[in-house]
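Generate coordinates for the entire structure from the input sequences, incorporating the hints supplied.
Counting in the working numbering, the sequence shown runs from 7 upward without gaps.
Just so you know, the hints here were simulated from the structure itself, not pulled from any lab data. From the three backbone atoms N, C-alpha and C, an ideal C-beta is built for every residue, glycine too. Just so you know, nobody snuck in bad clues.
Below, computed lysine-lysine pairings styled on DSS-like, alpha-carbon distance capped at 30 Å:
id : residue 1 : residue 2
1  : Lys-239   : Lys-24
2  : Lys-239   : Lys-86
3  : Lys-86    : Lys-39
4  : Lys-20    : Lys-86
5  : Lys-91    : Lys-76
6  : Lys-44    : Lys-24
7  : Lys-200   : Lys-181
8  : Lys-44    : Lys-20
Derived DEER-like restraints, expressed as beta-carbon distance ranges:
id : residue 1 : residue 2 : range
9  : Gly-84    : Ala-145   : 43 to 53 Å
10 : Gln-146   : Asp-259   : 32 to 42 Å
11 : Pro-147   : Ile-82    : 44 to 54 Å
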Amino acid sequence: MLTNLQLEHILDEKLNSKAIADYAPNGLQVEGKREIRKIITGVTASLPLIEQAIAHNADAILVHHGYFWKSENPCIRGMKGKRIKQLLVNDINLFGYHLPLDIHAELGNNAQLANMIGGQNLRGLEESPNSIPMMCELAQPISATELKQKLETALQRNVTLCDEFITDFPHKMIKTVGICSGGGQGYIDLAAAKGCDAFISGEISEQTTHSAREQGIYYFACGHHATERDGIKALGEWLAEHYAVDVHFIDIDNPA
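What follows is the structure in structure tokens.
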């Protein structure tokens, strides 16, 4: 058993969260009961996930997308009010870790994506010790079609591939891959500048297609939710392995 503050300290230390600037607070966001024996993990602290935690008699919820984003209305009302009310009424702690979980070299979302495709030598794409986008190499060059199949098998969803305007498609092979889970499509230009053959992220914007076409870099849009399931799942599994807590991952499906 852990206390809620002990759990926060453990997670902060593991993810180095205090050293990473973010768009939302990382750590214990809503305080509930002191003692924690059962934890539900998930991508987003949505009402359905909270309801699942209540049904499982959980003491805490641990997510990638929590609350109190810098751009959001601070008032606790509407959808936000309903969510927080359920946490408080049921005395459930909410822990959220955003960028620290994206970029963690072992458990992070980017690291999990690299593992899916057999990526090696994972490192930052930016000149920063806390680079958000990353890059890696494949042991052997593969085609865009092969990489798309790997991603679809691992993520269990369709992947959008921008390839039709690559000059020598399908003959251009992929060796170096840029990665940024979730809404990281804007880093495609940096990936191209760093010499990546392909870039993997969750979402796709109108301008992403032009960047891929005009810079000759394959782009794989794999879904925001899908590319951020495995980091929080890995973090929960790490907790269960090293501490006396019961952890269950619950996936509230999201097609985005």
